[in-house]
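So the sequences go chain by chain: W and C. Quick note: to get the working numbering, add 61 to the position in the first sequence (first position is 1). Quick note: to get the working numbering, add 61 to the position in the second sequence (first position is 1).
Treat each hint with caution, since some may be false.
[To be verified] In silico lysine to aspartate or glutamate, EDC-like type, Cα no more than 16 Å apart, as pairs:
no.	chain 1	residue 1	chain 2	residue 2
1	W	K144	W	E163
2	C	K220	W	E163
3	W	K220	C	D121
4	W	K135	W	E163
5	C	K144	C	E163
6	W	K135	W	D172
[Said to hold, decoys possible] Every beta carbon over 10 Å from chain W, so not counted as near; a handful from chain C, in silico:
no.	residue
7	T74
8	D85
9	A90
10	P113
11	D117
12	E118
13	V148
14	S151
15	K173
16	H177
17	R184
18	L192
19	E195
20	K220
These aren't lab readings, by the way, just hints derived from the structure by calculation. Positions of the beta carbon are idealized from the N, C-alpha and C atoms, including for glycine.
Spelled out, the chains give:
Number of protein chains: 2
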Amino acid sequence: MGSRESSKEFSVTELPAWQVAMIDTFVRATSLIGLPRSIGEIYGCLFCNPNPLTFDEIQDQLGISRGSVSGGLKTLRQLGAIKPHYVPGSRKDYYLPELSMERLVRGFIKDKFTPHLDSSVDRLESIEVSLADEPDLTLRQHANDRLNTLRTWRRRAEKLLPLVLAALGGTKQLFSIKEKSPN
Amino acid sequence: MGSRESSKEFSVTELPAWQVAMIDTFVRATSLIGLPRSIGEIYGCLFCNPNPLTFDEIQDQLGISRGSVSGGLKTLRQLGAIKPHYVPGSRKDYYLPELSMERLVRGFIKDKFTPHLDSSVDRLESIEVSLADEPDLTLRQHANDRLNTLRTWRRRAEKLLPLVLAALGGTKQLFSIKEKSPN
DNA sequence: TATTCTGTTCAAAAAAACTTGAACAGAATG
DNA sequence: CATTCTGTTCAAGTTTTTTTGAACAGAATA
Numbered sequence: 062m063g064s065r066e067s068s069k070e071f072s073v074t075e076l077p078a079w080q081v082a083m084i085d086t087f088v089r090a091t092s093l094i095g096l097p098r099s100i101g102e103i104y105g106c107l108f109c110n111p112n113p114l115t116f117d118e119i120q121d122q123l124g125i126s127r128g129s130v131s132g133g134l135k136t137l138r139q140l141g142a143i144k145p146h147y148v149p150g151s152r153k154d155y156y157l158p159e160l161s162m163e164r165l166v167r168g169f170i171k172d173k174f175t176p177h178l179d180s181s182v183d184r185l186e187s188i189e190v191s192l193a194d195e196p197d198l199t200l201r202q203h204a205n206d207r208l209n210t211l212r213t214w215r216r217r218a219e220k221l222l223p224l225v226l227a228a229l230g231g232t233k234q235l236f237s238i239k240e241k242s243p244n
Numbered sequence: 062m063g064s065r066e067s068s069k070e071f072s073v074t075e076l077p078a079w080q081v082a083m084i085d086t087f088v089r090a091t092s093l094i095g096l097p098r099s100i101g102e103i104y105g106c107l108f109c110n111p112n113p114l115t116f117d118e119i120q121d122q123l124g125i126s127r128g129s130v131s132g133g134l135k136t137l138r139q140l141g142a143i144k145p146h147y148v149p150g151s152r153k154d155y156y157l158p159e160l161s162m163e164r165l166v167r168g169f170i171k172d173k174f175t176p177h178l179d180s181s182v183d184r185l186e187s188i189e190v191s192l193a194d195e196p197d198l199t200l201r202q203h204a205n206d207r208l209n210t211l212r213t214w215r216r217r218a219e220k221l222l223p224l225v226l227a228a229l230g231g232t233k234q235l236f237s238i239k240e241k242s243p244n
C-alpha cells in the first residue's frame, strides 16, 4: 500500500509555536472549568486548523493516545463543542470546532449544571423531610431558615443561566439595569 | 483539667440526618465548581450551625484531619466564604459563613476567573507575535482570524462577570433585554 | 469470507489532587 | 522560662482522575 512513508507509525507532527500557544490557551481554559487536558488539546487543535481534521490527524498533531482521542472527541461531541463534517468518499470522521461562544457555553451548562440544579429540588425537599426529626426547636427553626436560603440560591441560579446565554447571544443584545420598582 | 470527658481525643460528634444532607449539598456544589470535598464540608458545617464554630468544633463534627481543616479554612477565608468572628475572652478563632450569594460568587470569580482573564491579554498578544513566524500566508491569515475570535470571547467574558454579579445582587434589580438597535 | 480500515472499550499504569498527622512556630499563661 | 494552647506546614500516604495501548467490533473492500 503506497510508499512506506505513509506508514501509521510515528508521523508525529511538529507544531508551530503559535499553535502550541493557542492550544495552551484552551488547555488552561478547560482545566479552569474542570475538564481534562486532552479535551483542551483536541479542541484547540481543531480550532487552529483551517480544515476539518480526522481522528488520526488529531492524534498525530498532539502525540496523544488513541484512547484519549476517542474519549475526548466523545465528550466534545456531547458538549456540542465540535461538529462532525461529512466528506464524500472518505470513511473517516472529520470534525470542525464549534465557534459560537453562546453554543459552547450552553452545551457546557446543559451538561454540567442543569442536571445538578434540577435534582437539587428533590434533595432540598428531602432535607425538609428529615428536618422533622430534629428535636431541638430552636435549631429546627434555624435549619429551616437555612433551607430557605438554599432555595433562594437555587432559584437565582436557575434564573441566571438564561441571562448568561442571552448576554453571550450571537444576536447582539443590550441589557439595561433598572432599579427595582418600589413595591 | 476538669472532667476527663472533655479530653481532646475522640469527641467525634454524630450529626443529625438533615445536617448530613445539607452538608452533602455543599459537597456537591464545591465539587461541581472544582473545589475539594473538605471545603464543602467545612462551609456546610458552618452553614448548618446557628453559632460561630471553632477549629476544633469543625474537626470534631466532620471527623477530618487538622491539616484539612486548616487548609480548608484558609481557602474559605481567601474566597471570602467565611467570616472570622471575634469572641472576647477566647484565644480561639471563631467562624461564621458568608450568606450573601453575591459575595460568595464574587469571591469565587475574583479568585479563580479574574486572574486568568487578566493574564490572557498578554498571552493573546504573545500569540500574535509568534504568528509572524508562520510562513504559510493563508494559514497565517486563518490563525489571525482565530486570534480575533479569542479576543472577542475574552472581551465578552469580561463583560459577563459584572452582569452576573449584578443579577445576584442583594439589591433586587431587574434586567430588560432590548433588541439591538439596527446600526 | 478474509483483510483492511476506523474507531471504541477497558484494565492497568501514570499522574494529579486530596488528606493525614507528626513536627513545628508563636502567643498566652503560669 | 517552661508549659500549654492554637493553628500552620509539609512529607508521606491515599484516593481520584486521566492516560495509555492492546484487544475488540463493525463496516467497507477485495
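(request) Go through the numbered hints given earlier and state which of them the structure violates, listing their numbers in rising order. (result) As far as the earlier hints go, 3, 4, 8, 9, 15, 16, 17, 18, 19, 20 are violated by this structure, in ascending order.
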